[in-house]
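Peer 1: Each chain, letter by letter, is given below.
2 protein chains.
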Amino acid sequence: MATPTTGRPTPESIFNLFNAFQNTAALRTGIELDLFTAIGEGANTPPSIAAKTGASERGVRILCDYLSILGLLTKEQGHYALGQDAAVFLDRKSPACLASMTGFLSGPWHQRNFNLLTEAVRKGGTAGSEGDNTKPQDEVWVAFARSMAPLTIPAASFIAQLVGAKEGKACKVLDIAAGHGMYGITVAKQNPHAQIVAVDWPAVLEVAKENAQAAAVAGRYTARPGSAFEAALGDGYDHVLLTNIFHHFDKPTCEKLMRRVHSALKPDGRAVTLEFVPNEDRVTPPTAAGFSLIMLANTEGGDAYTFAEYEKMFRNAGFAKSALHPIPDMPQQVIVSEKAG
Amino acid sequence: MATPTTGRPTPESIFNLFNAFQNTAALRTGIELDLFTAIGEGANTPPSIAAKTGASERGVRILCDYLSILGLLTKEQGHYALGQDAAVFLDRKSPACLASMTGFLSGPWHQRNFNLLTEAVRKGGTAGSEGDNTKPQDEVWVAFARSMAPLTIPAASFIAQLVGAKEGKACKVLDIAAGHGMYGITVAKQNPHAQIVAVDWPAVLEVAKENAQAAAVAGRYTARPGSAFEAALGDGYDHVLLTNIFHHFDKPTCEKLMRRVHSALKPDGRAVTLEFVPNEDRVTPPTAAGFSLIMLANTEGGDAYTFAEYEKMFRNAGFAKSALHPIPDMPQQVIVSEKAG
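Those protein sequence lines, which keep their order, are chains A and B. Counting from 3, one number per residue, gives the positions in the first sequence under my numbering. Counting from 3, one number per residue, gives the positions in the second sequence under my numbering.
With the rest of the complex left out, here is chain A (with noise of 0.2 angstroms):
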């Protein structure tokens, strides 16, 4: 339930922010059911959606209830239809949908880690048994490559806009990091004369490899398979992308990081990061502040860095000057930091 916003203090707000977990198993449970699906394809009431899903109708009438209160539904007359967000990011015939992500976002370390919060504040890192997740964790990680491409598309195609691809200019990418590879794939797709360089743990690398078989790009796409901060970058490129890497170290490893960047760049080339990046009061906006908290419960220094904070990293590490560019109707944001000034 959203916090009601009554004026007055009531102990209801508090009674549903204790419930709040109750919002992330209601959704995880829509999805394994394809419950959005269903209703999808016109099953509208419990007994038709439960006939759809092999549920049970009682399970199905007080989920679709729960999911209609959250919004994601809508219930007119006993009717159930999906809500704007679920029709686009939950019913798997859309093209954006987002179900997948329930791998990543639903996995078992999350609620470890956060189950053990308390601990992870007394001490100011990740209280995990399994230690930081910017350890290769193929587990984690393979998970996350298999599920987050379909959140990718909004900001690589920004991405691929802000490295000119569209141009079709002969370039070198690299992409650190690149997991599922969707950054760097998207550029490789429109642009047939980039040569994207992925680097990325082994298992995680077979992940953007078959994705870039199926883009068919894989002739252009090379697998340098290791750690960001110990493999053979190469050098001569273009563009480097680090998307959503940051934000997991604390600032004298993401200025590390960012030398060795610097180094793989041509003259003129230019590191395109994706972050979280809140603004100052690092209270708003809300998605990009509150990742800091994930970062906390998950990692040893990891944060969701200010641009101040990037500018002032990536300087040290050699880069001219950074620009912030938002990114529409998504919560993160990219910094193009240019070698030379």
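Hints may be right or wrong, so weigh each one.
Some but not every residue of chain B turned toward chain A, in silico, with C-beta under 10 angstroms [claimed, not checked]:
1) Leu35
2) Leu37
3) Gly61
4) Phe91
5) Asp331
Listed next, the stretches of chain B that the computed footprint assigns to chain A, with coverage defined by at least 3 CB atoms under 8 angstroms from CB atoms of chain A [to be verified]:
6) 22–31
7) 92–104
8) 116–128
Below, in silico cross-link-like pairs of lysine-lysine (PhoX-like), each with a Cα-Cα straight-line distance of 25 angstroms or less [claimed, not checked]:
9) B:Lys77 x A:Lys125
10) A:Lys54 x B:Lys125
11) B:Lys54 x A:Lys125
12) A:Lys77 x A:Lys54
Everything labelled a hint here was simulated from the structure, so no lab data went into it. Quick reminder that beta carbons are idealized off the backbone N, C-alpha and C, glycines included.
Fit chain B to the given chain A structure using the hints.
Peer 2: Then chain B, alone, in the frame of chain A:
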């Protein structure tokens, strides 16, 4: 993070719903560190709050930012203060403090059962290995009795007023599934001529007896350990209190209990039911309607019943008429049912 209410669908709202469980974790951690009390006592920066709570500055800064995003704290020029909900309900020095609720609402059984929500929807009832939470489970219900008393204050006063406690007439009150006992105890405190009989499982009644002692009404407080369905309830009661019990059961079971209540009442006696009562649409008001999912996850056949459903069940059990009374600022309502018309 609250789901943003932009007009157009964005991935951000889905992303935030996947992460809603983090709001629960942040609240729980704030309570476990007693951070709200520390801020209430004047600590207002990460170093001073860290010193008072024994936590790290970095962890405190990130947690306080997150709690500010949630609206529990405010942040101005890097200084935190309690938001109005936190000041009233989360500072342990506030008489209305609800912090102890974390003992029940954050109990491991809730997370366990919600982790099995998909199976519960398939089955139409709890998939928890402990089975239905209506069985005598001391772990759960002693935690309830120890944790939830502060939340009863508004409803207990409302109920005491409904049963005319301040008029001070001699009366016998039966408190079914008394838990912490606060509903009956509040009547006894306001009416020195009220005799209270409390029914619950033995370990739970120990908590009620402690509370009766603390309220100086133990001399008029009788414990009858056992199940509400099997214990000898006695008879000749003016009022029977049924607070937050029916939602655990299916309709035939509710009727069965209400027939026992009918027998226990004097001819002009009244049953007083406290419940989450959604409107006929079952999706409003949000907290009462959403309570149904909690019962799906935790019980075999419980639900948040509408007033029409209660009215019919209670009529079937012999009650002449029932009337619904909303409680100001609370998500629950009171149903007063008259044995005779």
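Peer 1: Each hint should be assessed against the structure and marked as holding or not.
Peer 2: Hints, one by one, checked against the model:
Proximity of Leu35 (chain B) to chain A holds as hinted, the smallest CB-CB distance being about 6 angstroms (cut-off 10 angstroms). The beta carbon of Leu37 (chain B) is positioned within 10 angstroms of a beta carbon in chain A (closest approach about 8 angstroms), and the interface hint is therefore held. Given the 10 angstroms rule on beta carbons, the hint for Gly61 (chain B) holds: about 3 angstroms separates it from the nearest Cβ of chain A. With a cut of 10 angstroms, the hint placing Phe91 (chain B) at the interface with chain A holds, because the nearest CB-to-CB distance is about 5 angstroms.
Checking Asp331 (chain B) against chain A by beta carbon gives a least distance of about 4 angstroms; that is within 10 angstroms, so the hint holds. Proximity of the region 22–31 of chain B to chain A, defined as three or more residues with a beta carbon under 8 angstroms from a beta carbon of that chain, is established by the 10 residues found. Residues of the region 92–104 of chain B lying with their CB closer than 8 angstroms to a CB of chain A number 5, which satisfies the three-residue condition for coverage. Interface restraint, the region 116–128 of chain B with chain A: holds (10 residues with C-beta to C-beta distance below 8 angstroms; minimum three).
Only pairs whose Cα atoms come within 25 angstroms are accepted, and Lys77 (chain B) paired with Lys125 (chain A) is accepted, the gap being roughly 23 angstroms. As the CA atoms of Lys54 (chain A) and Lys125 (chain B) are separated by approximately 15 angstroms, the hinted pair is consistent with the 25 angstroms bound. Between Lys54 (chain B) and Lys125 (chain A) the CA atoms are separated by roughly 15 angstroms; this keeps the pair inside 25 angstroms, and the hint holds. The straight-line distance between the Cα atoms of Lys77 (chain A) and Lys54 (chain A) is roughly 18 angstroms, inside the 25 angstroms bound, and the hint therefore holds.
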